[in-house]
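Chemist: In case you want the letters, here they are:
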Amino acid sequence: MEEKAVGCARPISKIEKTPQAQPEQINTKEKIMDIVRVGHKAPDFEAPAYYKGGFTSVKLSDFKGKWVVLCFYPGDFTFV
Amino acid sequence: MSVDSQFVHKVWNDQELSKMAERDVPFHMASDGAGHVGSMYGVYDEAAGVEFRGRFIIDPDGVVQAMEVLTPPVGRKLEETIRQIQAYQHVRKHKGAEVCPAGWEPGKKILKPGTALVGNVWKEWSPLKDH
Numbered sequence: 001m002e003e004k005a006v007g008c009a010r011p012i013s014k015i016e017k018t019p020q021a022q023p024e025q026i027n028t029k030e031k032i033m034d035i036v037r038v039g040h041k042a043p044d045f046e047a048p049a050y051y052k053g054g055f056t057s058v059k060l061s062d063f064k065g066k067w068v069v070l071c072f073y074p075g076d077f078t079f080v
Numbered sequence: 081m082s083v084d085s086q087f088v089h090k091v092w093n094d095q096e097l098s099k100m101a102e103r104d105v106p107f108h109m110a111s112d113g114a115g116h117v118g119s120m121y122g123v124y125d126e127a128a129g130v131e132f133r134g135r136f137i138i139d140p141d142g143v144v145q146a147m148e149v150l151t152p153p154v155g156r157k158l159e160e161t162i163r164q165i166q167a168y169q170h171v172r173k174h175k176g177a178e179v180c181p182a183g184w185e186p187g188k189k190i191l192k193p194g195t196a197l198v199g200n201v202w203k204e205w206s207p208l209k210d211h
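Quick mapping for you: the protein sequence lines, in order, are chains A and B. Take 1 as the starting number for the first sequence in my numbering and just add one per residue. Take 81 as the starting number for the second sequence in my numbering and just add one per residue.
If you are wondering where the hints come from, they were derived from the structure by calculation, not from laboratory data. None of these values were measured; they are calculated from a predicted model. Glycine included, each C-beta is placed from N, C-alpha and C at the ideal position. Some hints here could point you the wrong way.
Under the rule of at most 25 Å between Cα atoms (straight-line distance), these lysine to any residue pairs were calculated in the SDA-like manner [said to hold, decoys possible]: (1) A:Lys59 with B:Lys188; (2) A:Lys4 with B:Gly199; (3) B:Lys90 with A:Pro11; (4) B:Lys175 with B:Leu150; (5) A:Lys52 with B:Val91; (6) B:Lys173 with A:Lys52; (7) B:Lys188 with B:Gly199; (8) B:Lys90 with B:Pro140.
Pair ranges (Cβ atoms, derived) [what the hints assert, rightly or not]: (9) A:Glu46 with B:Thr151: 23 to 29 Å; (10) B:Asp210 with A:Lys52: 40 to 46 Å; (11) A:Lys4 with B:Val143: 22 to 28 Å; (12) A:Thr56 with B:Gly199: 50 to 56 Å.
Short derived list, chain A residues pointing at chain B, Cβ under 8 Å [unchecked claim]: (13) Val36; (14) His40; (15) Ala42; (16) Tyr50; (17) Lys64; (18) Trp67; (19) Val68; (20) Asp76.
Put together the whole structure using the sequences plus the hints.
Modeler: Structural data, given as structure tokens:
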């Protein structure tokens, strides 16, 4: 069997959207405005988290007054 | 932060990362299952359902000062992130009166922006000596 490169993509369902659900232009504009830029405020968020042996949640704005490094990565148990 | 749940984060810490680093992960491992946070930060890849290696330095006022985004197969270099934080902290401490040229590290030459420096950076800073 031919070996495939092991990536970290996840399967995504490809359900076609019904044509009526198309306020696409508005969405696109909102999307652009949401995207972060240097020199601008970092968008706030709250997310569930694992931290020092317990489950908690983490909110960016709770770190006001501190330097924060926010890192995203493709997935747990991936190779790099 | 990744699209994995906080539960998978725990197992990854316990089974692999803690063995690699010989200590537990000392910071929050946040879960962004639906990619909403990643989308706001422009690092969510809808086609693959995962997040790119996005790294954001956010200052004490909540302002993004630096960002770096890599595709999955290449890892980051931590020393560069630390260098950038040190440089931004220096600039902040001096309220922008001192800035950090290319390759700056703590102890290396800084520049003081002003009329006297216009056209004279070459006298103050050398890519060969000061970089």
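Chemist: Run every hint past the structure and note whether it holds.
Modeler: Here is how each hint holds up against the structure:
For the hint linking Lys59 of chain A to Lys188 of chain B, the alpha-carbon distance of about 36 Å lies beyond 25 Å, and the restraint is violated. Using a Cα cut-off of 25 Å, the hinted pair Lys4 of chain A and Gly199 of chain B is violated, with the two alpha carbons roughly 56 Å apart. Of the pairs offered as hints, the one joining Lys90 of chain B and Pro11 of chain A holds, with about 23 Å between alpha carbons and a cut-off of 25 Å not exceeded. A hinted pair counts as satisfied when its Cα atoms are at most 25 Å apart, and Lys175 of chain B with Leu150 of chain B does not qualify at roughly 31 Å.
Taking the CA atoms of Lys52 of chain A and Val91 of chain B, the gap is near 12 Å; set against the 25 Å cutoff, the hint holds. At roughly 32 Å between alpha-carbon atoms, Lys173 of chain B and Lys52 of chain A are farther apart than 25 Å, so this suggested pair is violated. Simply put, Lys188 of chain B and Gly199 of chain B have alpha-carbon atoms about 21 Å apart, close enough for the 25 Å limit, and the pair holds. The straight-line distance between the Cα atoms of Lys90 of chain B and Pro140 of chain B is roughly 28 Å, outside the 25 Å bound, and the hint therefore fails.
Between Glu46 of chain A and Thr151 of chain B the C-beta distance comes to about 28 Å, which sits within the given range of 23 to 29 Å. A hinted range of 40 to 46 Å holds for the C-beta pair Asp210 of chain B and Lys52 of chain A, which are about 42 Å apart. Checked against the given bound of 22 to 28 Å, the beta carbons of Lys4 of chain A and Val143 of chain B, roughly 43 Å apart, lie outside it. Distance hint check: the CB atoms of Thr56 of chain A and Gly199 of chain B are about 54 Å apart, consistent with the given range 50 to 56 Å.
For the restraint placing Val36 of chain A at the interface with chain B, the shortest Cβ-Cβ distance is roughly 5 Å, inside the 8 Å limit, so the hint holds. For the restraint placing His40 of chain A at the interface with chain B, the shortest Cβ-Cβ distance is roughly 6 Å, inside the 8 Å limit, so the hint holds. With 8 Å as the threshold, the beta carbon of Ala42 of chain A comes within range of chain B, its nearest partner Cβ sitting at about 5 Å, so the hint holds. Here the hint on Tyr50 of chain A is kept, as its CB sits about 4 Å from the closest CB of chain B, short of 8 Å.
Using the Cβ-Cβ criterion of 8 Å, the hint placing Lys64 of chain A at the interface with chain B is satisfied: the shortest such distance is roughly 6 Å. With 8 Å as the threshold, the beta carbon of Trp67 of chain A comes within range of chain B, its nearest partner Cβ sitting at about 6 Å, so the hint holds. Given the 8 Å rule on beta carbons, the hint for Val68 of chain A holds: about 4 Å separates it from the nearest Cβ of chain B. A distance limit of 8 Å between C-beta atoms decides the matter here; for Asp76 of chain A the minimum to chain B is near 4 Å, and the interface restraint holds.
The structure shown violates the earlier hints numbered 1, 2, 4, 6, 8 and 11.
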